[in-house]
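There are 2 protein chains.
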Amino acid sequence: MSEQKEDVAANWREVADGHRMTHLQGVTAPLGFRAAGIAAGIKASGKADLALVFNEGPEYAAAGVFTANKVKAAPVLWSQQVLTTGRLRAVVLNSGGANACTGPGGFQDTHATAEALAAAISDWGTETGALEVAVCSTGLIGDRLPMDKVLAGVTEIVHEMGGGMSGGTDAAHAIMTTDTVPKQSAFHHTAGWNVGGMAKGAGMMAPSLATMLSVITTDAAVTADQLDHALRAATSLTFDRLDVDGSCSTNDTVLLLSSGASEVTPSQDELNEAVRLVCDDLATQLQADAEGVTKRVVVTVTGATSNTDALAAARTIARDSLVKTALFGSDPNWGRVLAAVGMAPVELDPDRISVRFNGYPVCENGTGVPGARDADLSGVDIDLTVDLGIGSGTAFIRTTDLSHAYVEENSAYSS
Amino acid sequence: MSEQKEDVAANWREVADGHRMTHLQGVTAPLGFRAAGIAAGIKASGKADLALVFNEGPEYAAAGVFTANKVKAAPVLWSQQVLTTGRLRAVVLNSGGANACTGPGGFQDTHATAEALAAAISDWGTETGALEVAVCSTGLIGDRLPMDKVLAGVTEIVHEMGGGMSGGTDAAHAIMTTDTVPKQSAFHHTAGWNVGGMAKGAGMMAPSLATMLSVITTDAAVTADQLDHALRAATSLTFDRLDVDGSCSTNDTVLLLSSGASEVTPSQDELNEAVRLVCDDLATQLQADAEGVTKRVVVTVTGATSNTDALAAARTIARDSLVKTALFGSDPNWGRVLAAVGMAPVELDPDRISVRFNGYPVCENGTGVPGARDADLSGVDIDLTVDLGIGSGTAFIRTTDLSHAYVEENSAYSS
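Protein chains in written order, with UniProt numbering: chain A, 1 to 415; chain B, 1 to 415.
Note that these hints are calculated values from the structure, not bench results. Keep in mind that a hint or two might mislead.
The list treats identical chains as interchangeable, and a pair is accepted whether it falls inside one copy or across any two copies.
Cross-link-like lysine to any residue pairs, in silico, SDA-like; alpha carbons within 20 Å at most [stated by the list, open to error]:
# : residue 1 : residue 2
1 : Lys-295   : Glu-408
2 : Lys-47    : Gly-359
3 : Lys-295   : Glu-409
4 : Lys-295   : Pro-58
5 : Lys-149   : Gly-192
6 : Lys-70    : Thr-305
7 : Lys-295   : His-404
8 : Lys-70    : Glu-364
9 : Lys-70    : Gly-389
Bear in mind the structure is a predicted one, so any value in this text is a computation, not a measurement.
Modelling step: build the complete structure from the supplied sequences, incorporating the hints.
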């Protein structure tokens, strides 16, 4: 119950129906979870680089979604395999190296990490097998991890597991790469159960998932199937809708673990909504901290013949380099928006497309509105709405501008 | 015959079988063509902005390929329509405004331009109808053209039509927008027939066509069907393989006109090859002058299960912002290449992919080669070869890096 006592400090805000959320807690907000983050020496900088999320039970149901990239990092291949049991006791995450494109040796490193963590937890008092441990990695692709440091760190971190929210916050720090701030979110349901989460990722945001490692926890008493359903529904509307540069990581992983410690079993709809709220909150934080971002952009497409078409059109616009550079320049260049949407693989009638920037009409029925170039895009938030005018399908994508800082951050060093 | 006399000045180089090419001539290299370029006042800068290519005959066969964008500019709609006859006497091109997304009024402007040019040519002595005139426009999307200036210019330019190569060079200058140099190419066949061309375009290079206006001429005596066949074959291997930023213009147009003035009828294969050589030469010039380019990159994919798969994989890599920013930074970040190719909609086995930069192996069978980070990409030309290792399909895409200059050029002003 310690988390509930910290309400004031944790800055909870009320959302619908008396339920509350905060950014100041994460994976340890739900009952039954411990977490830790330490500097194991994987990063040359000496910054925190190893995180642990540990489920104390009494239940151990789990679900995961992974990158759609055909080139998958060793920890993704491992975690997909262990998740087939629908059960996890722990997740160990490292920054400082992606362990991707590292061959069979890299897969053995992941396996050894899971074995070492299972052994350390067993020594600590809770019998655990390697197949109950998911592994996540993030960092530069192509290099082997310094396994002496990883294995020593794995033993150390088990002894560092805290209660309360500090452990969760430490873990959120330890998974950061080019992130400038840790991302956490927690949801408290009035019926006494909770969902919490952390995420990292600022570049390589993707068609299917943002960059992205994320661990979500809940103390609801639910099955692995219920978790799987909730997680897929939530990610499709949140992380999947975040598209910073159209690139998709080899390591993207989102895990959802349940301890059952609240002894409350919500309905599937309630669980879905709580997980969606936490994922949505984390996705918003990822967008705001994306590499080189100077504008937070929401592209909404309405009037499509289907929601699927609307999503495809929104994604095409959100990925267009000419649209994104115009937004960086606060330029209401709606012609580039029309040129982009004209390339989307969707049904459309060029003469019925209308465009608004921040509610200001700039193009109606495919033709410019007088004064369109005066639309004010000088603020940080830009709402770009494109009405295809031929149906009722609608969807949105969150994206960012394409700035000098993006080029700088991605060209100046290997990341 | 005046072009042949200018051989030395025009810096012809020998290509296969004694045939010759030059960059210093364009649409007026073939017999039977006149051209001009003038400043009509469409551009606020006062620079040249109106071009004319005129076919003196005796034949008037023509073919065209146009943007795949569903949002098509008025001149594209017009020119597609007139090309259904397979016959053109003239092409009038303006920079300083795309006349795209300008509604029915914009289409009337294009029609009026064709009518005015036909009338001026008729007055000048060659009876011409508006349906024998193609119109091309390039510039900012969304604004109506200053028709008083366009119409006055159209009359003036007919009287400016030169012979020799100066008219062609003037025309190549007048279609420039953010281009820094005019692009021309000419091919002389030993059998006495020629192909010449000009192109503009530096940004908005595309899946289907680069930005791009291009007019190609030939004095071969061939039918519209032969031209159509040659043009489609050539563009699919040249302009279609140039992908600077994945964006596709509303105005892309490539036209091929034949005067028949050489009285030589080459075989279809000979015609195809000559048109391909000229288009390839122009595409190379477009790549070198692309917005913000600091690297000229050729992405080649080999070992795919089909050429189609190879092309899709090459295009996915060539469009990836993280790959392109790494190349700007001369960083042999092959991990990003693997992450990109893993998202391509093609068959692949992650454990059989190999990557070379400028011939230097950096990744073999999905795993990094020791010393891979030492590959030297400091030069302007980068050859990136990805071998999927599962078949014999191969294809290449020409692209560029993603630089600060690209962001600057596309954010600092409406274009």
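Against the structure, the hints:
Taking the shortest Cα distances, Lys-295 and Glu-408 sit within 20 Å of each other both inside one copy (16 Å) and across copies (16 Å). Taking the closest pair of Cα atoms, Lys-47 and Gly-359 never come within 20 Å of each other, the shortest separation being 44 Å inside a single copy and 37 Å across copies. For the homomeric pair Lys-295 and Glu-409, the shortest alpha-carbon distances inside one copy (16 Å) and between copies (18 Å) are both at most 20 Å. Taking the shortest alpha-carbon separations for Lys-295 and Pro-58, neither the intra-copy value of 44 Å nor the inter-copy value of 58 Å comes in at or below 20 Å.
In this homomeric assembly, Lys-149 and Gly-192 never come within 20 Å of each other (Cα to Cα): the closest approach is 40 Å inside a single copy and 73 Å across copies. When the C-alpha separation of Lys-70 and Thr-305 is checked against a cutoff of 20 Å, the pair qualifies only between copies, where the shortest distance is 16 Å, while the shortest distance within a copy is 31 Å. In the homo-oligomer, the alpha carbons of Lys-295 and His-404 lie at most 20 Å apart both inside one protomer (12 Å) and across protomers (17 Å), since each shortest distance falls under that limit. Taking CA atoms no more than 20 Å apart as the test, Lys-70 paired with Glu-364 passes between copies only; the shortest distance there is 17 Å, against 41 Å inside one copy.
Taking the shortest alpha-carbon separations for Lys-70 and Gly-389, only the inter-copy value of 15 Å comes in at or below 20 Å, while the best intra-copy value is 36 Å.
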